[in-house]
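Visitor: Residue numbers (this note's numbering), protein chains in the order written: chain H, 8 to 230; chain D, 8 to 230; chain F, 8 to 230; chain W, 8 to 230; chain S, 8 to 230; chain A, 8 to 230; chain C, 8 to 230; chain R, 8 to 230.
Check each hint, because a few of them may be wrong.
[Said to hold, decoys possible] Computed spacing ranges between beta-carbons, pair by pair: (1) Ala-78(F) to Asp-83(S): 57 to 63 Å; (2) Asp-129(W) to Asp-129(H): 47 to 53 Å; (3) Leu-143(R) to Arg-81(F): 39 to 45 Å; (4) Leu-143(R) to Gln-53(A): 27 to 33 Å; (5) Leu-143(F) to Ser-40(S): 45 to 51 Å; (6) Val-85(C) to Ser-76(S): 55 to 61 Å; (7) Ser-40(S) to Gln-26(A): 42 to 48 Å; (8) Ser-76(C) to Gln-53(R): 44 to 50 Å.
No lab work stands behind these hints, which were simulated from the structure alone.
All values derive from a computational prediction rather than experimental measurement.
Note that beta-carbon positions come from the ideal geometry of N, C-alpha and C, so glycine has one too.
The chain contents come next:
Protein chains: 8
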Amino acid sequence: MQDPLIDLGFARVDTHRAQRTGDPEVVFAQGKSPDQTVHIMTTLQQAHPDRAVLATRVDDRTSRALQDSFAEVRLDPVGRTAVLGPLPKAVGQVLVVCAGTSDLPVAAEAATTARVFGTEVDTISDVGVAGLHRLLAVREHLDQANALVVVAGMEGALPSVVGGLTGVPLVAVPTSVGYGASFGGLAALLAMLNSCAPGVTVVNIDNGFGAAVHAARIARNAR
Amino acid sequence: MQDPLIDLGFARVDTHRAQRTGDPEVVFAQGKSPDQTVHIMTTLQQAHPDRAVLATRVDDRTSRALQDSFAEVRLDPVGRTAVLGPLPKAVGQVLVVCAGTSDLPVAAEAATTARVFGTEVDTISDVGVAGLHRLLAVREHLDQANALVVVAGMEGALPSVVGGLTGVPLVAVPTSVGYGASFGGLAALLAMLNSCAPGVTVVNIDNGFGAAVHAARIARNAR
Amino acid sequence: MQDPLIDLGFARVDTHRAQRTGDPEVVFAQGKSPDQTVHIMTTLQQAHPDRAVLATRVDDRTSRALQDSFAEVRLDPVGRTAVLGPLPKAVGQVLVVCAGTSDLPVAAEAATTARVFGTEVDTISDVGVAGLHRLLAVREHLDQANALVVVAGMEGALPSVVGGLTGVPLVAVPTSVGYGASFGGLAALLAMLNSCAPGVTVVNIDNGFGAAVHAARIARNAR
Amino acid sequence: MQDPLIDLGFARVDTHRAQRTGDPEVVFAQGKSPDQTVHIMTTLQQAHPDRAVLATRVDDRTSRALQDSFAEVRLDPVGRTAVLGPLPKAVGQVLVVCAGTSDLPVAAEAATTARVFGTEVDTISDVGVAGLHRLLAVREHLDQANALVVVAGMEGALPSVVGGLTGVPLVAVPTSVGYGASFGGLAALLAMLNSCAPGVTVVNIDNGFGAAVHAARIARNAR
Amino acid sequence: MQDPLIDLGFARVDTHRAQRTGDPEVVFAQGKSPDQTVHIMTTLQQAHPDRAVLATRVDDRTSRALQDSFAEVRLDPVGRTAVLGPLPKAVGQVLVVCAGTSDLPVAAEAATTARVFGTEVDTISDVGVAGLHRLLAVREHLDQANALVVVAGMEGALPSVVGGLTGVPLVAVPTSVGYGASFGGLAALLAMLNSCAPGVTVVNIDNGFGAAVHAARIARNAR
Amino acid sequence: MQDPLIDLGFARVDTHRAQRTGDPEVVFAQGKSPDQTVHIMTTLQQAHPDRAVLATRVDDRTSRALQDSFAEVRLDPVGRTAVLGPLPKAVGQVLVVCAGTSDLPVAAEAATTARVFGTEVDTISDVGVAGLHRLLAVREHLDQANALVVVAGMEGALPSVVGGLTGVPLVAVPTSVGYGASFGGLAALLAMLNSCAPGVTVVNIDNGFGAAVHAARIARNAR
Amino acid sequence: MQDPLIDLGFARVDTHRAQRTGDPEVVFAQGKSPDQTVHIMTTLQQAHPDRAVLATRVDDRTSRALQDSFAEVRLDPVGRTAVLGPLPKAVGQVLVVCAGTSDLPVAAEAATTARVFGTEVDTISDVGVAGLHRLLAVREHLDQANALVVVAGMEGALPSVVGGLTGVPLVAVPTSVGYGASFGGLAALLAMLNSCAPGVTVVNIDNGFGAAVHAARIARNAR
Amino acid sequence: MQDPLIDLGFARVDTHRAQRTGDPEVVFAQGKSPDQTVHIMTTLQQAHPDRAVLATRVDDRTSRALQDSFAEVRLDPVGRTAVLGPLPKAVGQVLVVCAGTSDLPVAAEAATTARVFGTEVDTISDVGVAGLHRLLAVREHLDQANALVVVAGMEGALPSVVGGLTGVPLVAVPTSVGYGASFGGLAALLAMLNSCAPGVTVVNIDNGFGAAVHAARIARNAR
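Please construct the entire structure, taking both the sequences and the accompanying hints into account.
Guide: And the structure:
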């Protein structure tokens, strides 16, 4: 059995997590120095040589540090993710649906995460509720997924409309897109928490990562 | 010219308002004693004998006091309104659209107000966004109105969807229907203020009256 | 094909919902009169004779009205639910875990809902984080479920701890249990949204119903 | 009939909107790259060759990109707008009234928007309530407009005073002008939502665009 | 010299306060039992036999207890005040101006307090900003006072308008009159704190007492 | 060794807590039925026959149920506490200092709790900062305690003043005493969290219990 | 009689204000361009040649522009004020008391404003409540002033303590000094609004100007 | 006896504090100029030549100024502290426990402070609740300390878990680590205030200093 943690001094890497939860720890790079992120990624890759490891909220400086250390790292500057190592076989499908062009970074973080956590991913963008025909045109796609991640800022109405069209398990992601009384995504967050469509669940503002982890776990275990 | 105000001691009735704004003062009965409301209604009716006068937020005690004083008063216990005197000729049309059964009191207050302020009114209820076909089934009605009052609680998504379907001027009314993180209607209010449909304007939580005054002024002046 | 909606005047019952989402509409009885709830339940039962229909937030007066109208109604005074008609075959399993005795009503609402939505349900109560051994003693149960509903008030820490122990999809329900700076469940809600355990999703305060709908849809479709 | 949407990859341009609502889609440039804004403007102009198209929240970089791509673009650095193509015939009149010098950018956004949406526009500035004679001096202008857009920061009192002087439909725009307990415009927003003048409707903080869309729709349809 | 405090067990009455600040302690009766209020009033009256003592927030039960104990107590059921003992000679004048009928209890508390603290008081009511002529009709009164207490709920605009008409020191009192997004007087409080009229100071919501203490101290010391 | 928990169905009583933390579990009676509280108290008393057990937030109905079940229960109607069994030997001293008469219930809860948790307790009441001489008169008492619990509502200034006079470890308890912009104790809570006196720690609003547990643990272990 | 306003295009300078309120308009330079501030100052100085005019919130760029335009301008870089023209004769005295070194900019703005508005000013700094002896050492100064401006950040306790020591009219100024749960001065603002010392009035966060205007009007009119 | 304060003009250094509270004043360098901090440190060191003096929130510019003035200053760039002079003898032990790598600066501030205030300090980092085994592995350390400082951001659950494992007095420090609905540490703060573990006390967000002062006072006085 693997050592349950590796103490790097500044961090106790939880190398036991994959055994407990099925997936390795992920590095939240924001608030960490580029060196710290490189160090933890090295540790995680060594602990999980046959499984992709992921860092999120990777800024430009950390991207360069990762490229310097790992020739094979896959970086996504839109979604601010970094992936190292072989992707797992994809089982099931997650569909990421997003309301507007400005929500794309959060959708991209979700898409990469879901793939690293072991499912197929597809993304449909710019189907906000002020032009319903855009959403109705892709309605049949919704029912084919095993789990939905629905991303929206401003008034956050999209999950309610999607949740009324299909019974596929749905996670809503409020984004900080908006201004004034959006209060950094609070308006969308509250709207999603009060959705009249039954079964809508919600994650933190801009948390594409968390929504995708949940959705991937549903999808890869679905019939 | 009429006296610009009548001093009742506890109130200075603004009998000049109809000249300035086209409509008599309205009594907001909440926070006033039944006697005070009766007194102000009497003054308003005398100042405007050929025009209906309105009281809103009329509770049971005030309703009884009004019935005792005015045999001909028209009370609506759902919308909590009281009307005295002849209705003006109706010009134009306001359509009140509401999301759920629990929003009906606010919709009723809006409907009565719009009629007293001089327009025809029609109401469509229970067309929440979790069952879009209910709204799409009445879509043609939306374009025929001169102004829309759209009432919704919980996540307050209905105005965004309606505002994407039609260019008729639209006033959104958030209601206090909901629980938990609805915070007494705050969630719906914020959602409506952040609507991605252009041109949606908003009034205070549960303020069917204010929305209808605005809508009636649009409708009665429309081509 | 069934008529997509039945207009009761005060409500447009969405009889098409089961076709779109797999489950009939549910009555949120709070804010509706006992008569309105009875009326909608009658309509739903007629539209879905071979499938249980559910009402939530049923208070004492509505309970009595339902008993008077439906001899066979199953009422749960703790969870404030009412169920009419045959339960569907249970597929998969949802586990409801709750932190304290005062959270039991929300847990009960979740348990009844999950059963009506077609899964087995088990409940583990009073395993708050201030006595970790109580939770660790039931740890093996967690991994056996297809979906978890984790209910907690006050500081809302339980989902983070459970989410670190298992990779089963987890929905957290903040409750309004607490006082002072709990602000009616806001503290627990914020804590759950900020969970450091990846994949935790959240519903509105006291919304056991919504969490269970989501969890049941996961469980009944799981391998 | 026109194609209902054009898929640019990062955006699904809603070219059907003018048919549904009477006006083409508008580009909210904030949060979009200069290239994205140029791209969408090109698409919109091609879809609506005989009608002006508008971008709002245009910063310096996007302004330069637009000038490089469209020699004929009309830029307003105060209101941060860009307009391409022939203005529609102006019908009716919108009057923009603003409280202070610092509110001018929001007023300018409103003025340009109203003109693009098909009405005449006039602006009266710096008539804050602490010097009432400034407002009373322009009182007669108020009644001549078909719709009013009233812009104010700080305590947001101007719409209440204007709304007491005239019955012209009025949209209030709170601005983020202020400091401390203005909380980025929240104080003005709340004040306007609680206006004692009947019929005042409100839009998001600094949303001169939304207010003007509403006002233009009223004015161009007024008798 | 007087004893600086008298210990009643449940309270340490600050009998030294008049020496330090010029006025005896006042009993805030809310949250105290009728007995406790009677007891403290007795102590204060004995310590200040030649000076009126005041209790505020006196409810019905405490009113009756005070009447039973002190035949000569002067009660005001509107302002919820109780006064015992001889009023001081009135020096200077405080003018209380209030926006609406529902604000009268707060205005009455202010008026009684100012008189007990040693000034003449006059009250002008129902001069809300939606009917400016009502305020302009009493404009000359404003300049004659030594200090103004301006009371308003809802959007709280009245102090800004009054503060623009006169340079008399002005204290604004927000009231809890309103609903929805008034949030119990928060909207009026924020508006008054952000007043564009220079020199407006503010007290807690519904705190007519505190405003009057400040105003009386100004007025009785004015030339 | 004792069984680590006793499962009552509705509760898993943590009978292992005294071993882990030195003190038995305490019953928070609010939100529990009188029967549930009696049941848990019985279990706790049996598990800890030689140690007092405590219930807090005991209302009238639960008080009567406890008296019916336990002849020897000691009830404090002011602090809303119930104690069963022999008090531990008192070691060290906690001093409870409170600002006003209305804060006494919270102070009483703290005092009873500290005694049950094994220290001597003394209480000084009504020493609010608006009459500093009342506090300076008891200054020498402050230094003699091993830990201080300082209770205040409204502006919550007392802990800052006390914390500047002595270096004894200090826990501040904000109370919900106040109105308007006290927002149920939020003002006092924020003030205490921002205290300029170093070392002030804070507990939840009205949480006299929690403050006393902390203080007692300090005092009983002090030299 | 003077012209009541001068229209600069971007501003309507209220040259009538001195007649109404006794003092010329003041320029709030924040949010205005250096040119606009210079322009308005020029207009004000011409309208009031024998009276000092004031600009507040003057940043470095505006300071240089003012120096370039007016050789005789007096700038205070700490308080960010600019003064032009002869100071009025000082009548009465305002005392500015501030809690900490970081509050000095707000205190300096208050001091300059009070002097421009016609009173003597004295300042006492760094007398925070965590070292009461610092305040008690200057106690006699407090009673000698005609009005007090008390400036404090963090927990904002100083006005309550000062207001308990003296009956001189007191205006409290919360500052944005603090971090975390000070929320930009909100904690101090709420504390001051809830002061247990009677008669404390409050202005906006960091609004030394407004407090000083109020205090100067009191002082210059005092006996 | 020492002079109770030294007036530096911009600051009144409270040199009497060590006599009252046992410890010298500490410089909060944020918001002070480097010169001011150097000046106050010089004064404190002269007043307390045999006792270490401390500055917190020391940024890079102030660090350099301190190094230029005091060759022997000990700077910690992580915790942003500066220490001058001989450390006191360490009595008792404080244990600082922190949840994640990003919380280390707050933990470091706490550790330095506790040492300067006279106790031994040990730190355990990165033991967040999503990997409980990391905490359980160090469980025995917890009981050996005299006081605990528990530092966590995001959902702030760690103090509840630690507080359930041990009865050692515990101070919780919420950090601003997080994003979105963490609202700058508010989520963690509220969670800690609502902890279900009895006796958890809380300080301001990121206030490692305050927590350590409290903890050191407990530890150095413990048996």
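Visitor: Against this structure, judge whether each hint is valid.
Guide: Going through the hints against the structure:
1. Ala-78(F) to Asp-83(S): 57 to 63 Å: Holds - the Cβ-Cβ distance for Ala-78(F) and Asp-83(S), about 59 Å, lies within 57 to 63 Å.
2. Asp-129(W) to Asp-129(H): 47 to 53 Å: holds, 51 Å
3. Leu-143(R) to Arg-81(F): 39 to 45 Å: holds, 43 Å
4. Leu-143(R) to Gln-53(A): 27 to 33 Å: The hinted range 27 to 33 Å holds for Leu-143(R) and Gln-53(A), with Cβ atoms some 29 Å apart.
5. Leu-143(F) to Ser-40(S): 45 to 51 Å: For Leu-143(F) and Ser-40(S) the Cβ distance comes to about 49 Å; the hint holds.
6. Val-85(C) to Ser-76(S): 55 to 61 Å: holds, 56 Å
7. Ser-40(S) to Gln-26(A): 42 to 48 Å: Holds, at about 43 Å.
8. Ser-76(C) to Gln-53(R): 44 to 50 Å: Distance hint for Ser-76(C), Gln-53(R) holds at roughly 47 Å.
Comparing the model with each earlier hint shows no violations; every hint is respected.
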